[in-house]
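**Student:** Mind assembling these two chains? They're in different frames, but the hints should get you there.
Here is how the chains run, residue by residue.
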Amino acid sequence: MSANRTCWQCAQSIGASLFCPHCKSLQPPPSGYYTLFGLDRKLNLNTNELQQRFYDLSRQLHPDRFMRKSEAERQYSLDASSILNDAYRALKDPVKRAQYVLSQEGFEIGEQRSKDVPPELLEEVFELNMALEEMRSGDDSARPQLESAQNNFTNTLNEVDRQLEAQFRTYDESSNREVLTRIRGTLNRRKYIQNLLDEVQDQLAVGAQ
Amino acid sequence: MNIDFGTTEKVIGIDLGTTNSLAAFLDLTGPKIIPGADGDKLVPSVVSISPSGEVVVGNAARELLITQPGRTVYSVKRLMGRGLDDIQEELKLFPFHLASGSESVLQLQIGDRTYTPPEISALILRQLKQNAEAYFGEPVSKAVITVPAYFNDAQRQATKDAGRIAGLEVLRLVNEPTAASLAYGLDKRENGTIAVYDLGGGTFDISILKLHDGIFEVLATNGDTHLGGDDIDNLLLRIALEDVQGEWGEDLAGDSEGVQRVRRAVIQAKERLSFVPFTDISLEYRGNKYQREIQRELFDKLIAPIVDRTLGPCRDCIKDAGVTPEQIDEVVMVGGSTRIPLVRTAVENLFRSKPHTELNPDEVVALGAAVQAAILSGDVADKLLLDVTPLSLGIETMGGVVSKLIHRNSTIPASATESFTTGVDGQRNVLIHVVQGERELVKDNRSLARFDLKDIDPMPAGLARIEVRFLIDANGILNVTARDLRTGKEHSIDVKPSYGLTDEQVEKMIQESFEKAEQDFQERQVREARVEADTILAAVEKARRHDAYFELSDDERSAMDRAINELLLVYHSEDHHLILNKNEQLNQVTMKLAENMMNTAVRGALKGTKI
Ligand SMILES: [Zn+2]
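These protein sequence lines are chains A and B, in that order. Residue numbering for the first sequence follows this note's numbering, beginning at 4 and increasing consecutively. Residue numbering for the second sequence follows this note's numbering, beginning at 25 and increasing consecutively.
It is worth saying that the hints were derived from the structure and are not from the lab. Given the structure is predicted, the values throughout are model-derived calculations rather than measurements. Glycine included, each C-beta is placed from N, C-alpha and C at the ideal position. Some hints could be false.
Said to hold, decoys possible - Computed footprint of chain B on chain A; a stretch qualifies when at least three of its residues, placed anywhere within it, have a C-beta under 8 Å from a C-beta of chain B:
# : segment
1 : 51-65
2 : 69-82
3 : 88-101
Unchecked claim - The calculated DSS-like cross-link candidates involving lysine-lysine, where the alpha carbons are at most 30 Å apart (straight line), are:
#  : chain 1 : residue 1 : chain 2 : residue 2
4  : A       : K72       : B       : K467
5  : B       : K166      : A       : K72
6  : A       : K72       : B       : K184
7  : B       : K428      : A       : K95
8  : B       : K234      : A       : K99
9  : B       : K343      : A       : K194
10 : B       : K513      : A       : K72
11 : B       : K467      : A       : K194
12 : A       : K72       : B       : K234
13 : A       : K95       : B       : K234
The shape of chain B in the complex, shown without the other chains (with noise of 0.2 Å):
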């Protein structure tokens, strides 16, 4: 790879995921993750709001799950893009808190504020910013976010509208399994044809690609965004909770606390199982124990229509992708669930090669969406990423059923010209519909948005005509303009997306977290300003009982108390350049101590004398 960093300002690359999300960069030796405050390169993707408006993510937030349930929030992606009829199986399943009004946009209930999804996952992207920030000690702004592949236009737009609110300008959303892609391709191999097999916590992608001399061009992809280890992990809980009401006589699922708690306890079992044969699921809750021995046998009996599910799609994409099974190369290996030695099995059979798992599969995403990162900054020159839109684009015609424009699997960016009239005399405007899947008809589909072609000239039907052009970007997102063909003439649209937040929605949200983001950026650098005055203050005392301190001059100690006293008169103060500025002072002003202190334990290093 030729790296040739040109550009100052970094861009990082940031992997949002359903259970984990992670921030990366490359550097010279490579793509690296950012590590959260706590060391910890994973941050969960978990979401705690205190009732004063105070914000946990993470590790933290991950433990207030148990404790505070219903203000913290999980999984949050299961959400992004959606409407309330598609999420019904999942409300049974996750202790999501719908707010009222959420017919239009969804809406989560947090004591007495409601956040939108695209909200949620902005806390989390806000928290890797800071990670970031904290790691270069500058600000970061730009980033690369990647989505499942298989994610339609609402959930992609909603992941843009997350960064956004988030402070983060998107520079692109990338494929899951393309940026995998990209960092296998990296350090394993050139040339040839490559499956990616990711089963994330809440979504399941396959992508099959042709690498050819730095081109990664993705073939065909497949996949299901309602399917990953979330599934097993319902599962699991839910056998758990009839088990613990057996035993214990006790109905735990109207306790979200007891739920959180069982929960934690099969997905530990789960975890183990991936590296022996059995363990227990075991838990203390209210002075009552649980505990079962599970064997491997069981649980991959259990998981099995699960991990078949995956299959399917799997086919479907080698189709697709007019290969043969004996074609493919390799089979990369992505997400945490990829650890169940029953998935392994079964990619195993299904593409007759034993799949690649020796890159982490919870960093594989991160890191490739570091090195896109670094492509769109003019930093990588010899990779590239072709990538394809997952879901065939078509609009409604007469008596509702779809005329496809672009088909799925096409190299994005991709276009579809179409030209439309009147139908009566002096109609002034057409509907557009436009939906996104592979259904005949158009309520077997996505609706994705209306777009109204509005004053049109007042004309016998027929007559006008106004050619549309549909154009999906290199993001997977619809972009659409028109163009009135007598005048030749931009013509306006109005948009009705079908799912998501609408674009001032969007900039309202923008607005109260940029002046959110900027003032913890701020408190941030005060506080760090702080922590430094402080140390040097603590070496200053400690100096002062110094011998070498006495060997000071009178003026040498008046100035040196002087610049103490302006510290600490400006260390309360909210500006943190003030802050640094005294610190700097009494630096210079204790050099002559700090040299004199050094010589002296030279000199009583000479003499073999302690001091």
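Bound-form chain A, shown alone (with noise of 0.2 Å):
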């Protein structure tokens, strides 16, 4: 957001600021989510601040606020709490916040690589699979199998969210290109984990009717 922006209503001076010092009328907000909640862009972020942000920045720009406002600003007002509330569903979440900041950088995040399966858990999505199918086909003596598996799966989420948090704190002191590189690849590792655990999860609670 530049600094020399002006009101749109009194023409004066703005700068950085939601609502224009001079006038208090509600600005076109700015679409940047970190812009929007006033945050460095951080990939750690502390997400009891975040929230208490998001509840302050609901009071000032939510629709309710403006029912009595100018046309304007009721339209300012929706556009400013939509991206709020897109916003914060983004950046609360590691993951997605992650993918944002991403995106942000030009990353193109496909979700196809997904498919691509690590190599280092070749030889256990194999055994998965073959586990998987016996279940499907109403062999219930997969079903420790595939419990091992969900435990498997479970842990090795939890290391992934680990090494995610370690990525992100390299970033956050270097601004290297490189770290968000390693970052997709751990985000593709973790979903592609995800889907497993899913279908695991699945496979089991259907077994289990």
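**Tutor:** Structure, rendered in structure tokens:
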């Protein structure tokens, strides 16, 4: 957001504020999630603080607060609060937050990549698929194997999350694009494991009925 | 709560229910229900239209349901925003008389006229509006109306249309459980996690909210817009009709008056069973008597499948909210059907805590709507609702598959943008099919609307770039705008709603009803002015026989006679100002007489004699 913005209403200089400091009218909102929240673009965020900011901004920007204002301000309020809600959804979740930063940095985050099996999981995935097949064909003897897979993958997922957190810290300190490439790799791996876990859990739930 | 009444125009909150409707407003002591002319707080959502077009709403219409079943409509909320395919089940169970031509928009046949569901709902809203106007003694034109949280876009739009047809500017549609939480949070709790279990006449909602220093944040919502007390009534009705046939040897199913009498008998028995362990279903019809004892135990067994149907959505909602039952501090019960003991037990078992039942389950939604109305008019500044969209929004892609743009339980307003281009050289328009629902395939979801991006400049395939913004507003209603990315200009869109009325149709209905409402308001004011005149004239007539009258001078007496005559001259005019004016004039010239009468009375009292 450029610092030389002027108020749409009174044409005075407003800097980076959401409301004009002179006539108090709501300005067209910034579209950047971090900018709207008034935060530096860090991958590690304090989610309690984020929630408090979300509530504070909601009180200021929600359409309920603009029912008796001008048409223009009502429209800005609708725009601003929809961006605010979208932003909060993305930023409160570490994975979505990282995806957002990656996309802002020009990285492609395709869904297809999650189909590539991470090499270290090849063997486990192969056996798992066999077990899933068995369960689907009504053979319940594969249940213990699926249950242990469920445990394994949950542990792996936790491990991946710790890894992500470390990578987030590295990026926040260095702003190095190389780190973002690594983060993208970790996200893809995470997505893959999450899909497997979902599949196992669905199958266990179906089998249990 | 901080209330600061800065505005003069009142905004009312309306609970437009399947069975009953209510209006409420907020004053300095808190939210209040506005009673109807008959003194009742609940206005039954029943509309009867006489052959001459006279409309009766509420308790009086409920009576007519029995004697005029063909001209009387109830539970019309079940038809709001729906298509012919959706309501096949309803048609089996409810006496809706559909007119031909209902394929595009549902039309109810009443005598020789047809009415769409929003028009019938508008008649209920108009009654509530009139009740409020009579109560405040001033026109009311703005309202907040509640809808089931699980209502889809078309159902919401239909409700908004109904408001507009009734001459109300609908400032906001609020989800019923959310409204209830606002009324609840007002006097019970400021912080914590609560669940609102709302089983009404025709719909079921469950919402889980986080309360945080005046912010009411909905975490997740779920429900069934086809589930409610009506289902229990219909179940009992079917059983009772069979039983009656066994006893009388007569099938009443085809006799609408008979059916309505049995229906009323089973509803009364159902309501009593919430308080006593057994009761009678009893009725008398055309000289025949029927009486059958029903135990609560049997009743519970019969309705258990219906109550069970509410539990699945509750479990899904808990999961979507990301909480465990133990983390939910309170469960608030809303809707008349939550008086049923079995419902309370089922909720208690699921949430592992005793549900809150001290708020009146019939009133709490309207009271909450009144609070939201005050929030919107700026009178309450320290409360804010953050609601969610109950259903995912997506567009049709290749092979009839849905691409989700906005996920369910997203806080609203919520938006998503998507770029579209052309597939063939020279293509002039792109059709976008928007659906609502959770399923993978378009055919399993609900079609919402088709948007046609028209007048694209002819160019080679794939070059056009049109960015479409889908925005769900704070009412839960979809707004779509499009921009041509090459020119940066707004792109025109042609909207074809899959269900419901076009804007032109609504406009026409508003026009018709507005004229009618104006006329009604006029008539009412004239009637009230005449009632006032009657009162004054009667008092003056009585005073003429009083001693004090003869103490007046001749001039005073003739001034009085003139004022009486002038009032009588305008008495039958249609201008209430004129009548009120002459009422006032007569009041003025009889002031001395009134004083004299007072003095005589005092003198008489002092002397201890009767006058
Ligand atoms: Zn300004």
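**Student:** Each hint needs a verdict: does it hold in this structure or not?
**Tutor:** Right, here's what the structure says about each hint:
no., hint, result
1, 51-65, "holds (count 4)"
2, 69-82, "holds (count 3)"
3, 88-101, "holds (count 4)"
4, A:K72 with B:K467, "42 Å, violated"
5, B:K166 with A:K72, "16 Å, holds"
6, A:K72 with B:K184, "21 Å, holds"
7, B:K428 with A:K95, "20 Å, holds"
8, B:K234 with A:K99, "22 Å, holds"
9, B:K343 with A:K194, "21 Å, holds"
10, B:K513 with A:K72, "26 Å, holds"
11, B:K467 with A:K194, "28 Å, holds"
12, A:K72 with B:K234, "29 Å, holds"
13, A:K95 with B:K234, "16 Å, holds"
Comparing the model with each earlier hint shows a violation of hint 4 alone; every other hint is respected.
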